[in-house]
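2 protein chains.
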Amino acid sequence: MSDFLELAGRRYSCRNFSDKPVEREKLEKCVEAARLAPSGCNAQPWKFVVVVDPKLVSEVAKTTQQLGINDYLSKAKAFLVVLEDHAKLMPRIASLYDSQVFAKGDLGGATLSFCLEAESLGLGTCMAGMFDRAKLSELLDLPLDQRYFLVVAVGYPAREREEARPKLRKPFNEIVRFI
Amino acid sequence: MSDFLELAGRRYSCRNFSDKPVEREKLEKCVEAARLAPSGCNAQPWKFVVVVDPKLVSEVAKTTQQLGINDYLSKAKAFLVVLEDHAKLMPRIASLYDSQVFAKGDLGGATLSFCLEAESLGLGTCMAGMFDRAKLSELLDLPLDQRYFLVVAVGYPAREREEARPKLRKPFNEIVRFI
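The listed protein sequences correspond, in order, to chains A and B. The working numbering applies: residue 145 is where the first sequence begins, and numbers increase by one. The working numbering applies: residue 145 is where the second sequence begins, and numbers increase by one.
Chain A extracted, bound-state conformation (with noise of 0.2 angstroms):
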């Protein structure tokens, strides 16, 4: 594998999903990537949920619609929730440190993964990282307070690829310097 950055420059945001279903198998595959990331003291703090019911989905696409934004996650097709779990650290780090220090650095790493993965598989997605979370966990069945990290829309991008937004980053040199 020689072209990583040609996929990192290639993932986008998607807005626009097609009708096309998602294929379970791919929605595995963009799951055991997160699976392979790297955390804090190997913790692995995240638990997944993917939501593949067409009612289901519907229903966690309005979870992320109460500021009257994200019009365009309905037509998503499958839903990542992203659970933070308890971080099991080394006992000499835990007397230390909280045990969620690293939590959502390594949930970061563990949901691009996700995104990674599908987009070599030709799928879009988008984080969404504002949602209802009462209504979240009634939905899932999950406790009141659960923690959440993100929700990640899933599905097929309706345009080409080459009609993708443009990706608007700082320049190289405002963000880095060599010493």
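Keep in mind that a hint or two might mislead.
Same chains, same names: a pair is fine if it fits in one copy or spans any two.
[Claimed, not checked] Within a straight-line C-alpha distance of at most 20 angstroms, the following computed EDC-like cross-link-like pairs (lysine to aspartate or glutamate) qualify:
(1) Lys311 / Asp289
(2) Lys232 / Glu318
(3) Lys314 / Glu172
(4) Lys311 / Glu172
(5) Lys191 / Glu318
(6) Lys206 / Glu167
(7) Lys219 / Glu203
(8) Lys219 / Asp197
(9) Lys311 / Glu176
(10) Lys232 / Asp242
(11) Lys314 / Glu228
(12) Lys206 / Glu282
(13) Lys199 / Glu318
(14) Lys314 / Glu304
Bear in mind the hints are in silico, worked out from the structure with no lab data behind them. Predicted model, so just to flag it, every value in this text is computed and none were measured.
Got chain A sorted already, so can you dock chain B onto it with the hints?
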């Protein structure tokens, strides 16, 4: 690019670096991969310092060894220091959430992207989350209240890949359910 899953499975935390120097061009590609990572509101709440001066690399290694651990980081040939920057969120979101609500997760994705590009270029990486922040600020001429995320040690692996430690992860069915 069809083998992201292979790359995700291959990348591991390298704890045995060779004496071979690391090319600046490769480090720049790794930073480019991080630069392209997604972030909440596309805020890109990151800055990077790449430490390549041998004397400074050695000093940075020492900041990670305060607990009597991380001896192997003395053999790193470069360090990526990942800084958490202020995240400028969209106004509607900024009115409801703390500016840094998504930052740690975003930094996790950007840092993993750096490591995945390194792996694809034959470089080994190891993330270290514990280090003497005051000392690092002094070494890098950064404010004492600088927010840090992680440092990442970089170098060529001393051993053949097949001798790398096996990747231990929780079983697939333990971390995911489909509904």
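Structure-based check of each hint:
In this assembly of identical chains, Lys311 and Asp289 lie within 20 angstroms of each other by CA distance neither inside one copy nor across copies; the values are 36 angstroms within and 31 angstroms between. Proximity of Lys232 to Glu318 under the C-alpha cut-off of 20 angstroms is restricted to the inter-copy arrangement: shortest distance 16 angstroms between copies versus 37 angstroms within a copy. In the homo-oligomer, the alpha carbons of Lys314 and Glu172 lie at most 20 angstroms apart only across protomers (15 angstroms), although the nearest pairing inside one protomer, at 34 angstroms, exceeds that limit. Only between protomers do Lys311 and Glu172 lie at most 20 angstroms apart by alpha-carbon distance; the minimum there is 19 angstroms, versus 27 angstroms within a single protomer.
For the homomeric pair Lys191 and Glu318, the shortest alpha-carbon distance between copies (8 angstroms) is at most 20 angstroms, but the shortest distance inside one copy (36 angstroms) is not. With identical chains, the CA atoms of Lys206 and Glu167 are never at most 20 angstroms apart, being 23 angstroms at best within one copy and 49 angstroms at best between copies. In the homo-oligomer, the alpha carbons of Lys219 and Glu203 lie at most 20 angstroms apart inside one protomer (12 angstroms), although the nearest pairing across protomers, at 52 angstroms, exceeds that limit. Proximity of Lys219 to Asp197 under the C-alpha cut-off of 20 angstroms is restricted to the intra-copy arrangement: shortest distance 13 angstroms within a copy versus 51 angstroms between copies.
Within a single copy, Lys311 and Glu176 get their C-alpha atoms only as close as 27 angstroms, which misses the 20 angstroms cut-off; across copies the closest is 13 angstroms, which meets it. For the identical chains of this complex, Lys232 and Asp242 are intra-copy neighbours only, at 10 angstroms inside a copy versus 27 angstroms across copies, given an alpha-carbon limit of 20 angstroms. Proximity of Lys314 to Glu228 under the C-alpha cut-off of 20 angstroms is restricted to the inter-copy arrangement: shortest distance 15 angstroms between copies versus 30 angstroms within a copy. Taking CA atoms no more than 20 angstroms apart as the test, Lys206 paired with Glu282 passes inside one copy only; the shortest distance there is 13 angstroms, against 49 angstroms between copies.
Taking the shortest alpha-carbon separations for Lys199 and Glu318, neither the intra-copy value of 45 angstroms nor the inter-copy value of 25 angstroms comes in at or below 20 angstroms. Taking identical chains as interchangeable, the C-alpha atoms of Lys314 and Glu304 are never at most 20 angstroms apart, the minima being 25 angstroms within one chain and 37 angstroms between chains.
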